[in-house]
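Engineer: All chains should be built: construct the whole structure from the sequences, respecting the hints.
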Amino acid sequence: MKHSPALLRGLALAVALLAASATAQAPGDARVALVIGNSAYASAPALANPANDARAMGETLRGLGFTVVELRDGSKAQMAESIAKVRDALKGRQGIGMLYYAGHGLQMDARNYMVPVDARMARTADVPQQTVDVSSVIEAFKAAGNRMNILVLDACRDNPFGGITTGRGLAPLDAPSGTFLAYATAPGNVAEDGDVKSGNGLYTQFLLQELKKPQARIEDVFKRVRFAVRKASNGRQIPWESTSLEEDFQFNDGRVVAVAKPSAEILLAAFTQEQQDWSRIKDSRNADDFYAFLARHPSGTIAEAANAKLDELVASHLVVQGAGADRKDLPYSIARYRLGDEFEVRIVSGFSSSFNQTGRVTSARDGKVLVELSSPATGAQPMKMLYDTQGGFIGMPDSFTHTPPAYLAPSGLLQVGQSWKTGSEQAYQNKALADSLGKTTSVGQDRVVAREQVTVPAGTFDAFRIESESTSVSKNLNLKISATRWVVPDLPEPVKAENVVSEGLFKTTRTSRELVRYTRAAESADVMRVSQEQARRDAQARENQRQAWTQLLARAQAGDAGAMADVARRFEEGKGMAVDMAQAVAWYRKSAQGGSPAGMGGLGAMYYNGQIGAKDAAQAQPWWNKGAQAGDGRSMAGLALLYETGEGGMPQDAALSLEWLGKAAATGDARALYRMGLRLREGQGVEKDLPKSFEMFRRSAGQEFPAGQYMLGWSYFKGLGVAQDEEKAAAEFAKAAEGGIAHAMNDLGTLYQRGGGGLPNDPQKAMEWFRKAAALGQVNAIENVKKMEARGFR
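All the letters of the sequence shown, read from the start, carry residue numbers -26 to -1, 1 to 768 under mature numbering (1 follows the signal peptide of the UniProt record, and there is no 0).
Just so you know, the hints here were simulated from the structure itself, not pulled from any lab data. Treat the hints loosely; a few may be bogus.
Taking CB as the label site, the calculated pair distances span [stated by the list, open to error]:
#1 482 <-> 65: 41 to 51 Å
#2 693 <-> 173: 49 to 59 Å
#3 237 <-> 270: 19 to 29 Å
Glycine included, every Cβ here is placed at the ideal spot set by N, Cα and C.
Structural biologist: Structure below.
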């Protein structure tokens, strides 16, 4: 078959265009990084880790395909030369330029400066003469014509030049076009340099880990680093980012790809998946649960709700450079409601003529803030709006609730270019609405697009403009909502808002809202004093925990096999950290090989429970046998299990199983006490003895073993071996439910349903616990959910 020359030329051109397109997306795109680490200062105290940080970052980035210009302990001339070298290497290639800087940094007149090791500064005028302006790197990248720029500044160490600067730490910057800017800590605050033993600064330590992970999307990398640093520093250091990127980038791929706005279908699917994880932790008081959630879903539709929970549970203890009376940790964060706040807004709606609405904060207790709104539209009865302590809108009591709450703005610093996804499910208490709409799921994406002046009846404000696009899906109604709101850091209410709600192609409703006045209530001196005292106690407790963990880890790293087992157990149980079974396995293995009986028991459990590949009783048996012979209770309990089931090459022998279980219980092992308690309660292989059974459960629960807590609660609930006491039962059920025991969740829901055990009669709370238990497959809870739904509860 013959083809015309014109057709062949067309095909050749198409192939060439496709090849060019593939090349533009290939991992071989130009990527050049300038890596600087300054430690050995001539006129300031040396820093422990920046040079190490630069060495490690250079190696990591080379492994990810970057060409690296690396400078350690650089003078001003060397830094300028290196900047020019990177500019020339990138010029005309539309590539990716990256700066990583570790060392001293300072600000003056809202400009940020990197400090060379040869800087000698005695007065303010010396700063621009002897340092390197960060903007010089930005200008070099602009001159090169880069498609994308990434700037990472681990440069907020405690400033030895404080007397000659005009601000603390580094100054906040709006990222120039096509730029991602990352700070090791919030502007004006101090980043931890680490010590010689750690090898890297705190921020860089976690950044190196994240860069090496597969599918390391730039946004997810830096969000995960932020969460990890916040957790490791107990809130003393919270990294900060500013971005103007319109494209995405993966460090271990090298491709720059256009970012399409996620469709409503994609966001709805993501929300549904995230909600399953959220439902298990949303009522938790353990910050580690929310750190773990954010590690899994750093850029998800519920991420901002998780951040808000962390703000509630873990107070920020940012270390401010030269902190004094004018200290303000988060200069651009949104204020919270105070009891007694009053405000008035002007509303113009497509449904009616304009009218004024007044609001007053009438209650603030039990983690809930009640705002009552009054207007001609509401009549004599005010409209009640419920918020959490972080400003999240929970819903209207007796009408509907949002799960999770909906937030006006993200937690922490507001910054132009910041974007985040949103997601919430609205359940109706009103049966007619519930029957008509079912549940309403809302998802969307918000972005801070500008900082600008806006004038409303209340005055002229320097406000952040946030634009939002969302979709609301119900059984019989789908809505598209475009919203713009102007917020200022000093007020909980937006100073202006505009909404456009579209139903189908033709039905559109527009509303606008402007602030007329806002009167802030004085913060109660008693409330402030109690809050400050509690914050000090919490901070001291966290510091004690941190020091204990640091000492334990140091002993383990020094070769103490017993300490290794304790480290492993913390990772296994999530004590003071997120559960990490890979770390638990590694430390148990080191401990067992080092001769620790507890390590042997733990390693055997890892094999038996399928944490090292598939369940392997044969591999568990020799470790448990060695540990049991050395007196380890967990190992003895493991042997008892193998004799009971006939696994791991052991004969099925009820007498030997009971003998080893008794030995394990005698050591005080929580699992063995729990299992012995079950045998004594049922008379399984032993004489039935309810008081002894209760004692076993009490001792197991005393070690915070969730199954032991549940059975202790059940003993109180039924009066098994102890006087019946529903209040004590409820307390133990609550502990076990937080520990993940589905039966405890269902029983706690039952108590809330009827107001038993000293708990209030709270059907909605009961429904929450029934749903949690049902999600874990608890049969009675599944039935309870169906019954509650039939009665109109959602």
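Engineer: Is it true that residue 693 and residue 173 lie within 49 to 59 Å of each other by Cβ?
Structural biologist: The hinted range 49 to 59 Å holds for residue 693 and residue 173, with Cβ atoms some 58 Å apart.
Engineer: For the pair residue 482 and residue 65, does the Cβ-Cβ distance stay inside 41 to 51 Å?
Structural biologist: Given range 41 to 51 Å: holds, Cβ gap about 50 Å.
Engineer: Between the beta carbons of residue 237 and residue 270, is the distance compatible with 19 to 29 Å?
Structural biologist: Taking Cβ atoms as reference, residue 237 and residue 270 lie about 22 Å apart, which means the hint holds.
Hint compliance for this structure: no hint is broken.
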